[in-house]
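There are 2 protein chains.
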Amino acid sequence: MDLERLLAVARGDQPADLLFVNGQVINTFTAEIEQTSVAIAEGRIAGLGDYHEADQIIDLQGRYLAPGLIDGHLHVESTYLTPEEYARAAVPRGVLGAIADPHEVANVRGIAGIQYMLEGARRVPMDLRFMASSCVPATHLETSGADLEAHEIQQVLGWEGVIGLAEMMNFPGVIYGDPSTLAKLEVAAGRVKDGHAPGVTGKQLNAYLCPLIGSDHETTAHDEGREKLRRGMRLMIREGSSEKNLAELLPLVNDGNYHRCLFVVDDRSALDLLNDGEVDAVVRKAITLGCDPLRALQMATLNTAVYFQLEGLGGIAPGYRANCFVFADLQNMHANEVYYGGKLVAQGGKALFQPSVRHTPQFLTTMNVRPYTREDLSLPATASPTFPVIEVVPHQILTRRLDEAPPVVDGAIVGDVSRDLLKLVVIERHKATGNIGKGLVRGFQLQRGALATTVAHDSHNIVVVGVDDRSIYAAARAVESTEGGLAVTDGDTVLGTLPLPVMGLMSLEPLESVAEELAKLD
Amino acid sequence: MDLERLLAVARGDQPADLLFVNGQVINTFTAEIEQTSVAIAEGRIAGLGDYHEADQIIDLQGRYLAPGLIDGHLHVESTYLTPEEYARAAVPRGVLGAIADPHEVANVRGIAGIQYMLEGARRVPMDLRFMASSCVPATHLETSGADLEAHEIQQVLGWEGVIGLAEMMNFPGVIYGDPSTLAKLEVAAGRVKDGHAPGVTGKQLNAYLCPLIGSDHETTAHDEGREKLRRGMRLMIREGSSEKNLAELLPLVNDGNYHRCLFVVDDRSALDLLNDGEVDAVVRKAITLGCDPLRALQMATLNTAVYFQLEGLGGIAPGYRANCFVFADLQNMHANEVYYGGKLVAQGGKALFQPSVRHTPQFLTTMNVRPYTREDLSLPATASPTFPVIEVVPHQILTRRLDEAPPVVDGAIVGDVSRDLLKLVVIERHKATGNIGKGLVRGFQLQRGALATTVAHDSHNIVVVGVDDRSIYAAARAVESTEGGLAVTDGDTVLGTLPLPVMGLMSLEPLESVAEELAKLD
Numbered sequence: 270m271d272l273e274r275l276l277a278v279a280r281g282d283q284p285a286d287l288l289f290v291n292g293q294v295i296n297t298f299t300a301e302i303e304q305t306s307v308a309i310a311e312g313r314i315a316g317l318g319d320y321h322e323a324d325q326i327i328d329l330q331g332r333y334l335a336p337g338l339i340d341g342h343l344h345v346e347s348t349y350l351t352p353e354e355y356a357r358a359a360v361p362r363g364v365l366g367a368i369a370d371p372h373e374v375a376n377v378r379g380i381a382g383i384q385y386m387l388e389g390a391r392r393v394p395m396d397l398r399f400m401a402s403s404c405v406p407a408t409h410l411e412t413s414g415a416d417l418e419a420h421e422i423q424q425v426l427g428w429e430g431v432i433g434l435a436e437m438m439n440f441p442g443v444i445y446g447d448p449s450t451l452a453k454l455e456v457a458a459g460r461v462k463d464g465h466a467p468g469v470t471g472k473q474l475n476a477y478l479c480p481l482i483g484s485d486h487e488t489t490a491h492d493e494g495r496e497k498l499r500r501g502m503r504l505m506i507r508e509g510s511s512e513k514n515l516a517e518l519l520p521l522v523n524d525g526n527y528h529r530c531l532f533v534v535d536d537r538s539a540l541d542l543l544n545d546g547e548v549d550a551v552v553r554k555a556i557t558l559g560c561d562p563l564r565a566l567q568m569a570t571l572n573t574a575v576y577f578q579l580e581g582l583g584g585i586a587p588g589y590r591a592n593c594f595v596f597a598d599l600q601n602m603h604a605n606e607v608y609y610g611g612k613l614v615a616q617g618g619k620a621l622f623q624p625s626v627r628h629t630p631q632f633l634t635t636m637n638v639r640p641y642t643r644e645d646l647s648l649p650a651t652a653s654p655t656f657p658v659i660e661v662v663p664h665q666i667l668t669r670r671l672d673e674a675p676p677v678v679d680g681a682i683v684g685d686v687s688r689d690l691l692k693l694v695v696i697e698r699h700k701a702t703g704n705i706g707k708g709l710v711r712g713f714q715l716q717r718g719a720l721a722t723t724v725a726h727d728s729h730n731i732v733v734v735g736v737d738d739r740s741i742y743a744a745a746r747a748v749e750s751t752e753g754g755l756a757v758t759d760g761d762t763v764l765g766t767l768p769l770p771v772m773g774l775m776s777l778e779p780l781e782s783v784a785e786e787l788a789k790l791d
Numbered sequence: 270m271d272l273e274r275l276l277a278v279a280r281g282d283q284p285a286d287l288l289f290v291n292g293q294v295i296n297t298f299t300a301e302i303e304q305t306s307v308a309i310a311e312g313r314i315a316g317l318g319d320y321h322e323a324d325q326i327i328d329l330q331g332r333y334l335a336p337g338l339i340d341g342h343l344h345v346e347s348t349y350l351t352p353e354e355y356a357r358a359a360v361p362r363g364v365l366g367a368i369a370d371p372h373e374v375a376n377v378r379g380i381a382g383i384q385y386m387l388e389g390a391r392r393v394p395m396d397l398r399f400m401a402s403s404c405v406p407a408t409h410l411e412t413s414g415a416d417l418e419a420h421e422i423q424q425v426l427g428w429e430g431v432i433g434l435a436e437m438m439n440f441p442g443v444i445y446g447d448p449s450t451l452a453k454l455e456v457a458a459g460r461v462k463d464g465h466a467p468g469v470t471g472k473q474l475n476a477y478l479c480p481l482i483g484s485d486h487e488t489t490a491h492d493e494g495r496e497k498l499r500r501g502m503r504l505m506i507r508e509g510s511s512e513k514n515l516a517e518l519l520p521l522v523n524d525g526n527y528h529r530c531l532f533v534v535d536d537r538s539a540l541d542l543l544n545d546g547e548v549d550a551v552v553r554k555a556i557t558l559g560c561d562p563l564r565a566l567q568m569a570t571l572n573t574a575v576y577f578q579l580e581g582l583g584g585i586a587p588g589y590r591a592n593c594f595v596f597a598d599l600q601n602m603h604a605n606e607v608y609y610g611g612k613l614v615a616q617g618g619k620a621l622f623q624p625s626v627r628h629t630p631q632f633l634t635t636m637n638v639r640p641y642t643r644e645d646l647s648l649p650a651t652a653s654p655t656f657p658v659i660e661v662v663p664h665q666i667l668t669r670r671l672d673e674a675p676p677v678v679d680g681a682i683v684g685d686v687s688r689d690l691l692k693l694v695v696i697e698r699h700k701a702t703g704n705i706g707k708g709l710v711r712g713f714q715l716q717r718g719a720l721a722t723t724v725a726h727d728s729h730n731i732v733v734v735g736v737d738d739r740s741i742y743a744a745a746r747a748v749e750s751t752e753g754g755l756a757v758t759d760g761d762t763v764l765g766t767l768p769l770p771v772m773g774l775m776s777l778e779p780l781e782s783v784a785e786e787l788a789k790l791d
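From first to last, the protein sequence lines are chains A and B. With my numbering applied, the first sequence corresponds to residues 270 to 791, in that order. With my numbering applied, the second sequence corresponds to residues 270 to 791, in that order.
One or more hints might be untrue.
Given that identical chains are not distinguished, each listed pair holds provided it fits within a single copy or across any two copies.
Calculated pairs, SDA-like style, for lysine to any residue (alpha carbon to alpha carbon, straight line, at most 25 Å) [what the hints assert, rightly or not]:
no., residue 1, residue 2
1, Lys554, Asp524
2, Lys700, Leu671
3, Lys554, Thr299
4, Lys612, Ala458
5, Lys707, Ser510
6, Lys513, Asn601
7, Lys789, Val626
8, Lys554, Asn526
9, Lys700, Thr762
10, Lys789, Glu517
11, Lys789, Pro640
12, Lys619, Asp545
Hints listed in this document are in silico derivations from the structure and should not be mistaken for laboratory results. Model, not experiment: these values are computed from the prediction.
Excised from the complex, chain A in its bound form (with noise of 0.2 Å):
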């Protein structure tokens, strides 16, 4: 960036790169909507006001121009798109920041995986910034591909790109004083350090804040989101593809309170992304739900700058990064044309930017499993006449534990379709132990065949569902097959896959193609 030109052009001595005239500029700051010209040179905003004089000049005609929208929480991997398809589906929102915990594949690979992540991000036009991982694995009662202690997350925080400790899961490490997850938050003092805390209220909530914790998105009630505020958190509202808070949260949202909420997505689909929008379709679904519409601007840009201390993001103002998109209808706002750093990378909803396809070996071959037979899937029946089954909660995270008489054939228990009982395997793929874990299910309501995937949250092993060993054989060795991935299969035949090769979570193919396959695969 040559300072001087940009200085030359803001005083008006030089022509801008680009002049946007006639549109109404919204005014993050001041929760305004100003009727001025927009300069910009050198990538930044050169300045509002009194210009007339550019190599391009584009005549906005009373549409209006927002700063870049920057989401302030999400899982790349949870679109099952790389970083450089999930930009493709994001930027043409108008979506030019975010804030991403690269969980899944520090979880698969640790700090290869977020590297991967990282050079990801600086092949697209939006600044998309990564927090260090800090609960991998989530959990030991499971096997992951990686360990993130605390000198490493020390690393990642030293990478440029990584701003902050992502959210922390692990509450109740932080209350209890677990040593290395204090040591993890301590080597991030002073950064920014994200939370997670489902639930926690009251003196729990108050141990859990004394690291000096900033945020959490994983509010669902209004009077837990009240007291997350009255103690200092900002509070991220979510609205992802399952978990959705917005509804429940936006009546909290006060004048004197707004500057320390913010939106963020979390986890969002391919489709979803494609068919409803990046934290773009929060802002629209905020203002349907009654939000002022400058002020659910204010909190899809500014509110996130400032929490995460990313100077020149979140308005349009001198020396701001020139990333901004342009719309016609303030209560119900689709980017037409999107810029980054001045540059026009979107238009019509469509990404005008396609970075190639990496093919990293060390990415794409992370299924390391132990050879078994389908009879290792085998569950042996027990002494006792019941099993344990877990029961799926329509649109929770959280299971429930029935215990039922499942029928046995043969000395092994097996569903039973009838009841909706169905067997559960999860193969360990990391480090080719040969662990299997088997179990029943219910909730699937599937009447034959299986479902298997390596998008399995926290450590991503192979798990599968299925009414008969046939089926869950197949569909396991499917996933294999395509190193990675989601299949279903019927007996011996697979009916469909998408395969996810990366690290077993994202896909090599455009964003589009990704959407269509899972639509099929649906």
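Starting from the known structure of chain A, arrange chain B on it as the hints suggest.
Leaving out everything else, chain B in the frame of chain A:
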């Protein structure tokens, strides 16, 4: 700080060090008042809520508890007090944080002078942080004691307690891209950079902001303030000893922008500190002018902490520093008891601490004047019958130029009290250059005698105004003999002095004595 113990207190498993009960707790995050207990341990807030056990329990009997106030911008030297004595004035007011620009000491003693201030700050119970002075010297038309170039600023920015770049006064240098000015901004990239841009608007303001200068405290007019807020600056509303901008700027503050506004004092004399207060006086006046008390408190606490990225300051929340004060009347807020890190440090307006005086020779012997005689102060008559006169404009920092025909006696220009024409002399005192500037001034209305000072912005040479050379010479010699300070003379008679031997700027005496001597001198 023992985090494990803090957690135990927060959980309610161990008694707190200190517990406030029956208080009304000012919540600066949400602009609310909470009736709740506040538990303190390890110098931090452990939690708010249902706590009962503590080594010391204080029943607030319905009084208020607020987080320590933070002054967003001041020059400690302007109080004539050392940092230690400044703190003795500020802390009893509930002011437990301040961001100081050590511009005056830097002009006299460079980075060593800044170290002197940092060292003083470490000796007092308040969070007195510093910005690296950006404009030393402020002008090349006068000889200063030191020069700070970019590499020295970089060095200062690396010191603990230095949090950013101080007010960039050289706005023409920024706007027109002076390389040494840009170099100073460059070394502060990514750090908070304060501005100083009186009357700068439009394209000039846009240019000034291009290097991401973040604030302005020099705004005096409503429209100017509105424009600066719109362009992304934090608006520091100043209410100093002479510059009073609150009444003009407060009407600007609204629901959409208040989180971008903060209160500062900039320059306040020891007398005003003692009689009126520090930033607490600004809060009181804002409330008198109609500002909601909770909002006024946000502008003097949280907003300042957020702008300067002061982790754990600006609110009463778990993990935050236990810096707080108790007061009885929300409409007329006067601190009763003040706690810093959970320790009582002031009560009833009196500091409970008194650091020893630092006698450091290098800072107490800064007068380096080349010998001169009274005759050297003579101003030779010129060929022209008129001579330029500096006219002081009451309550303004700017002066006007006049041209008058002064009396000439024995070939020398002299003053004329009937026309309020006085002699003005500047004696260089840093490098013994022997430079003596001589001229005429109007506006002091002295009838006899002279006034001398070594507090002479920004280079702090000896400045003397007087009706005759005898008085002027005596006054200059008087401040030399005290190693700096103020003096009033009448002929050879010294009527009074305020010695300021610390770099010629600050007294070694306690606050109360300085205030008393100042009143006498006035």
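Quiz prompt | Within, between, both or neither, where Lys789 and Val626 count as close if Cα-Cα is 25 Å or less | solution = within (23 Å within a copy, 79 Å between copies)
Self-check item: Within, between, both or neither: Lys619, Asp545 at alpha-carbon 25 Å
Solution: Cα proximity of Lys619 and Asp545: one copy only (14 Å, versus 61 Å across).
Quiz item: Are the CA atoms of Lys554 and Asp524 at most 25 Å apart within a copy, between copies, both, or neither?
Solution: both (19 Å within a copy, 22 Å between copies)
Quiz item: Is it within, between, both, or neither for Lys707 and Ser510, if the alpha carbons may be no more than 25 Å apart?
Solution: For Lys707 and Ser510, neither the intra-copy (28 Å) nor the inter-copy (77 Å) Cα distance is at most 25 Å.
Self-check item: Within, between, both or neither, where Lys554 and Asn526 count as close if Cα-Cα is 25 Å or less
Solution: both (20 Å within a copy, 24 Å between copies)
Quiz item: Quick one: Lys513 to Asn601, C-alpha cut-off 25 Å, is that within a copy, between copies, both, or neither?
Solution: within (19 Å within a copy, 45 Å between copies)
Practice problem: Can you give me the call for Lys554 and Thr299, within, between, both or neither, at a CA distance of at most 25 Å? | Solution: This pair counts as both: shortest intra-copy Cα distance 22 Å, inter-copy 24 Å.
Quiz item: What label fits Lys700 with Leu671 when the C-alpha limit is 25 Å: within, between, both, or neither?
Solution: Intra 31 Å, inter 88 Å, cutoff 25 Å: neither.
Practice problem: First find the shortest C-alpha distance between Lys789 and Pro640 inside one copy, then the shortest across copies, and answer within, between, both or neither for a cut-off of 25 Å. | Solution: neither (30 Å within a copy, 94 Å between copies)
Exercise. Using 25 Å as the alpha carbon limit, work out where Lys700 and Thr762 are close: within a copy, between copies, both or neither.
Key: neither (28 Å within a copy, 92 Å between copies)
Exercise. Tell me, please, which holds for Lys789 and Glu517 at an alpha-carbon limit of 25 Å: within, between, both or neither?
Key: neither (32 Å within a copy, 64 Å between copies)
Quiz prompt | Homomeric proximity label, Lys612 with Ala458: Cα distance no greater than 25 Å | solution = between (37 Å within a copy, 24 Å between copies)
The structure fails to meet hints 2, 5, 9, 10, 11 from the earlier list, while all remaining hints are met.
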